[in-house]
Amino acid sequence: PSVKPRLGGLLLVTPFQIWYVRKHGRSFRRQLAARRLIPIVVGLVAFTALSLAIMSPITSYLDEHVFAGMPSWLLSSNDGLSSVPLTVAVACLLLNIVGDVILSPIAEELYYRGHLMPRLPVGPVAAAFVSAALFAGTHFWEPAMIPFVFVVQIVLGLVVRKTGDLRTSIGTHVAVNAISTALTIAY
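Residue numbers (the working numbering): 1 to 187.
Derived by calculation from the structure, the hints in this document are not laboratory data. Heads up, the beta-carbon is just placed ideally off N, CA and C, and yes, glycines get one too. Mixed in with the good hints there might be a few duds.
Simulated restraints on C-beta separations [as the list claims (entries may be wrong)]:
{"id": "1", "residue 1": "V98", "residue 2": "G164", "range": "23 to 31 Å"}
{"id": "2", "residue 1": "G137", "residue 2": "S180", "range": "24 to 32 Å"}
{"id": "3", "residue 1": "W19", "residue 2": "P118", "range": "13 to 21 Å"}
{"id": "4", "residue 1": "T184", "residue 2": "F16", "range": "38 to 46 Å"}
{"id": "5", "residue 1": "L37", "residue 2": "F67", "range": "34 to 42 Å"}
{"id": "6", "residue 1": "A133", "residue 2": "Y187", "range": "24 to 32 Å"}
{"id": "7", "residue 1": "A49", "residue 2": "L93", "range": "16 to 24 Å"}
{"id": "8", "residue 1": "P121", "residue 2": "Y20", "range": "17 to 25 Å"}
{"id": "9", "residue 1": "P71", "residue 2": "P121", "range": "36 to 44 Å"}
{"id": "10", "residue 1": "P124", "residue 2": "L37", "range": "19 to 27 Å"}
{"id": "11", "residue 1": "A68", "residue 2": "A34", "range": "40 to 48 Å"}
{"id": "12", "residue 1": "R36", "residue 2": "L86", "range": "41 to 49 Å"}
When you get a sec, could you build the whole thing from the sequences and use the hints?
Structural data, given as structure tokens:
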């Protein structure tokens with residue numbers, strides 16, 4: 001079930017984002033030294049974990065009461081992998097790792113924070129909010145997570161705006177998705 005939206009994103013959205021940014025360019029080309037970049041990314045990952053813990057009751061409520069009637073094939077779930085052959089499950093896992101941990105975070109950050117955010121015809125803070133809202137809206141297969149994604153993406157946008165280094169959001173996004181994927185596999 002969760003493979004359909006992810007596969008669609010990996011095969012359609014991610015290549016488009018990469019092509020579009022390559023064609024139209026990106027902003028935020030400054031590069032922080034590793035001694036400044038690493039603590040920022042670690043702090044942002046910690047902020048993301050704390051935000052998830054704080055927003056967990058909201059996410060649970062939305063899952064149980066607001067989005068309970070959504071079709072199961074649309075929602076993100078690993079339940080469907082238990083009924084497929086091992087080779088298919090492994091292929092889906094590899095697709096998830098390549099797509100969700102590597103390709104998608106890089107393409108999404110290049111597009112939403114590196115290209116779109118600086119071009120929005122609003123102030124820097126409003127641009128962080130607008131790009132975060134647009135990004136959160138693309139997570140329709142996890143509708144209960146949209147508020148969490150929105151909050152985290154606002155902070156990432158503001159940090160990118162402040163530091164001028166897009167690697168802060170890329171590193172954070174890759175790390176958070178890697179942790180999420182590892183936890184999903186473990187449980």
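Open item on the list: Let me make sure I understand: some of the numbered hints might not hold for this structure. Which ones are they, in numerical order?
Closed with: Hint check: 2 and 4 fail, others pass.
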